[in-house]
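Chemist: Here is how the chains run, residue by residue.
2 protein chains.
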Amino acid sequence: MTGTGSSDRATRYGERLEVPDLAPWLASRATVREFDTEATISESEVRELVDAGRKAPTSGTTQMYSFVWVRDQSVREQIHDLCDRGTVQIEEASHFLVVCIDLRRIEHLLTHRNREFQLAPTMGVLEGSIDASLAAMGIMVAAESRGYGVCPIGNILNNLGAIASTLDLPSGVLPLYGLCIGVPKHGEATENAPRVPLDAVLHEDGYEDPSTELLEECYRSMNAMYGESVYGDSTREWQETLERYWGPEGFMNRRERTLLDALRQQGFFAARGIDERADENTTQP
Amino acid sequence: MTGTGSSDRATRYGERLEVPDLAPWLASRATVREFDTEATISESEVRELVDAGRKAPTSGTTQMYSFVWVRDQSVREQIHDLCDRGTVQIEEASHFLVVCIDLRRIEHLLTHRNREFQLAPTMGVLEGSIDASLAAMGIMVAAESRGYGVCPIGNILNNLGAIASTLDLPSGVLPLYGLCIGVPKHGEATENAPRVPLDAVLHEDGYEDPSTELLEECYRSMNAMYGESVYGDSTREWQETLERYWGPEGFMNRRERTLLDALRQQGFFAARGIDERADENTTQP
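Chains as they are written, first to last, in the UniProt record's numbering: chain F, 1 to 285; chain L, 1 to 285.
Some hints could be false.
Simulated restraints, written as ranges between beta carbons of each label pair [to be verified]:
1. P248/F / A224/L: 47 to 57 Å
2. S42/F / S42/L: 23 to 33 Å
3. D81/L / E217/F: 53 to 63 Å
4. S42/F / R244/L: 32 to 42 Å
Treat the hints as calculated values from the structure; they're not laboratory data. Keep in mind that this is a model prediction, so the values were computed, not measured. Don't be surprised by glycine CBs; every beta carbon is placed ideally from N, CA and C.
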């Protein structure tokens with residue numbers, strides 16, 4: 001916070017590289033849903049991409065995340081099966097990572113220095129998902145700058161506990177979503193990502209509920225490119241997806257129970273600490 | 001998922017711009033802690049940066065976030081006070097945004113189309129924080145590409161309910177962290193971000209607990225540039241921060257209660273839906 005040593009930092013760590021204005025490029029990005037299954041990306045590149053992404057901000061330098069790089073094709077197939085809906089990208093992309101909250105490493109680090117760790121489960125979920133996602137977005141940006149495409153897989157939340165068990169994840173580690181990285185089948189992602197108008201998302205000097213006109217405009221802008229762009233189905237409209245996610249019978253409500261069970265299985269509700277093995281916890285519902 | 005219409009997408013939406021390999025640039029990034037208080041960034045630029053960032057992936061196109069752009073300097077001062085620890089960047093940066101989970105807009109969108117919304121609180125917190133953070137990282141990358149610096153403010157979690165009230169945020173909206181955007185006082189962020197070794201974070205074909213050697217290496221790499229780089233204090237070591245965050249008396253444990261209270265205040269535990277006003281909920285602990 002003080003200026004100590006600031007003036008010579010440039011000479012110590014070197015000047016930062018120059019890049020062009022990335023706003024227009026970022027504004028043109030889109031998730032890739034079809035990968036070239038013949039294409040390969042080297043393992044050293046995957047390490048470079050992850051290394052670049054994790055320089056994203058992290059709460060108090062604590063780095064509450066891990067990436068599990070799943071290379072065994074049969075494990076990828078199992079995870080695809082457990083996702084319950086067509087996310088064939090898990091099998092078809094060149095690489096598949098699972099983005100995880102990781103409080104376990106923090107506990108190990110503190111114990112190693114004879115200090116005590118105490119779990120705060122809700123904060124752990126919140127800060128861990130923030131930390132992990134900031135880093136994951138960095139990985140995606142790095143991958144896309146190399147011409148690769150990315151596809152996050154949120155459907156792992158449909159069967160979270162089973163996926164954690166398939167990956168043999170210990171207590172303190174919670175999977176959040178998958179991250180497919182590969183070469184786009186059609187050369188690049190050109191569909192762009194449909195989004196509601198900026199005014200629905202950016203509130204100036206306070207929070208304002210959307211007017212009827214703005215709600216209509218949200219549907220217009222989403223449906224203009226929605227069905228075919230996202231699902232290859234021009235008849236599909238956005239309200240169906242919103243209801244599928246947030247309606248009374250939607251994914252989010254079904255996943256709520258799955259998530260709470262997975263949190264318990266992975267030790268997030270243990271009385272103190274996360275040192276029990278995940279598989280021991282499953283016998284104590 | 002099908003190939004319908006894919007072949008002519010490039011002509012419909014145009015080819016994506018080219019950028020250089022961003023991995024080395026991202027790997028050199030760092031949070032800026034000192035801003036030039038005389039510098040200005042135009043309001044239209046802020047809108048461009050937010051617009052670029054929110055093309056980040058979002059779960060099922062639902063966009064469960066909002067950004068509250070706080071321009072009133074006295075409100076910035078109030079938030080700085082409520083953060084409880086020195087985060088003077090809130091006042092000194094050119095712009096200050098509050099990154100929020102927003103389930104309220106989803107409810108409005110569904111209701112507008114005569115469909116029902118039903119809250120799934122834990123999923124809302126998890127998916128909302130993921131969505132918001134992917135977008136926030138996009139904003140940061142866009143800002144940094146223009147030579148600006150960013151500083152996320154996690155300390156709003158120290159007094160979350162009061163900050164939500166200060167911003168008059170309604171039910172269904174939960175602040176997560178602040179985002180300062182400004183011109184770095186020393187020209188650029190040159191400190192780089194200290195991180196544990198990649199091997200502690202990237203697990204290949206399974207999850208492996210860190211060995212004693214790797215734990216030692218984590219401390220070595222963090223402490224090599226930690227104190228002065230992050231706090232301008234060369235005597236400060238990383239284990240102190242880890243304990244301040246995750247020890248029994250740490251921030252995370254103190255914030256756990258604050259977070260649960262704020263979630264209740266913001267309607268996340270309402271029996272169904274989030275339609276009560278936040279200020280009504282506070283009377284029902």
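Chemist: Please go over all the hints and tell whether each is borne out by the structure.
Modeler: Now the hints, each set against the structure:
1. About 53 Å separates the C-beta atoms of P248/F and A224/L, a value consistent with the hinted range of 47 to 57 Å.
2. Our hint of 23 to 33 Å for S42/F and S42/L is violated, since their Cβ atoms are close to 42 Å apart.
3. Between D81/L and E217/F the C-beta distance comes to about 37 Å, which lies outside the given range of 53 to 63 Å.
4. Hint check: S42/F to R244/L, Cβ distance near 40 Å, so the stated range 32 to 42 Å holds.
Checked against the numbered hints given earlier, the structure breaks hints 2, 3 and satisfies all the rest.
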